[in-house]
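**Student:** One letter stands for each residue in the lines below.
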Amino acid sequence: MDPGDSQCRSLQRLLALKRHERPPPGYFDRLPGRIQCRLIEQPEPDALGWLGGLLAGFQLRPAALGLFAVLVSCTYLLGFSASRDLVRQSWQAQAMREHLPGPHELAGWQSYAVRRAPRNQPMPSTAPVFSAGYPDPFRAFAPGRLGGAIAPASYQPSIR
Amino acid sequence: MPALAPPSAEIPPAAPPVDDGELVRRAQAGDSEAFDALVRRHQERLYATIYHMTSNHEDADDLTQESFIKAFRALKSFKGDSSFFTWLYRIAVNKTINFLKQRKSRNPAGHLSLNDLDFNVEHDPDLVSLISERTPRREVNLAELQEKLNTAMQKLSEPHRLVVTLHDIQGLPHEEIAAIMGCNVGTVRSRLFYARQQLQAYLSDYLK
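Just so you know, the protein sequences line up as chains A and B, in that order.
For the first sequence, my numbering begins at 109 and goes up steadily by one.
For the second sequence, my numbering begins at 930 and goes up steadily by one.
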């Protein structure tokens, strides 16, 4: 006989000793009544609100607790990376605003552009043209009434 | 005075035992007596499993009650995918393993509070022969052997102890254990093999 097999059989016989361990006499007669008492005394998880129900559910399904923990961690990580992107975008936007040419720089560029324009070509008119006269809302601004042509604020006739 | 009718000699036939499924349906409908019947039917095996896992009567008592309370509260969610027995065992096993993890962090040495051995142990032929023939220390008494055995059991990890408890002590088949533990049969077999090897090493003095 294999000594390992023999030892295994001896172990099983030794473990049979545990089948003879008994709780105090009358224990199983009292247990159902004690369970009923505790059922009456203890509040149901529903009474503890949704959190109590959730915790009770997790106790029944430990795997669900692990899944929930993974979900929460993923949500946290996604939120963290998304917020980092947002911060980066806002920083870029701010940096771009800071490097945009200001009004003084624009004026310099505009005068340069006007100077570079060919002299023999007429400057494009910015005055509105209405072939049949000015319509009603603009009649008050018609040339002659205000004593001059309408020009946009950026128009600089002095250069011409 | 009219004569009393003689008592009927016929004993009314005993009601056929109601299966778990019927009791569960009645308990789900709010019949507390049906749940009480389920408790009476499964309390001994459930208590024994928890007791063999904890080696402590007070802990086993508390965990058995909590497991039944948990089962009662969750009874509405029981769909009958597995047997009520397996479902109930799963609740008890999860509760016990959680408890043991907490106990290990709180009190690593643990505390044995062992139940008394019943009178049948003196007449168990296997144990009598084991003690008189196999054990070199013939003076060993049963109480000492019980304590050594429980100490050795407590040295096993929870999954290994559970497999030994369910298979070698309670006699459940591998398939049932796999369903309770939520693993496959191969895992149950390998855990059982490893746990037996560990126990043989711990109890080598008593197995020669």
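Careful, some of the hints might be misleading.
[Said to hold, decoys possible] Not the full set, but computed from the structure, chain B residues with beta-carbon under 8 Å of chain A:
1) 971
2) 972
3) 973
4) 991
5) 994
6) 997
7) 998
8) 1001
9) 1023
10) 1050
11) 1074
12) 1125
13) 1128
14) 1129
15) 1135
Quick caveat, the hints were computed from the structure, so don't treat them as lab data.
Note that the structure is predicted; figures quoted are calculated from it, not measured.
Backbone N, C-alpha and C define an ideal beta-carbon position, used for all residues, glycine too.
**Student:** All hints, please: hold or fail.
**Tutor:** Status of the hints after comparison with the structure:
1. 971: This hint is violated: residue 971 of chain B lies away from chain A, its Cβ roughly 11 Å from the closest one there, beyond 8 Å.
2. 972: With a minimum Cβ separation of about 5 Å from chain A (threshold 8 Å), the hint on residue 972 of chain B holds.
3. 973: 6 Å, holds
4. 991: The hint is violated - residue 991 of chain B has no Cβ within 8 Å of chain A, the shortest such distance being about 10 Å.
5. 994: 5 Å, holds
6. 997: Since chain A brings a Cβ to about 5 Å from residue 997 of chain B, closer than 8 Å, the hint holds.
7. 998: 6 Å, holds
8. 1001: 6 Å, holds
9. 1023: Where the cut-off is 8 Å and the nearest Cβ of chain A is about 6 Å from residue 1023 of chain B, the hint holds.
10. 1050: 4 Å, holds
11. 1074: 6 Å, holds
12. 1125: 6 Å, holds
13. 1128: 6 Å, holds
14. 1129: 5 Å, holds
15. 1135: 6 Å, holds
Against the hints set out earlier in the document, violations occur for numbers 1, 4.
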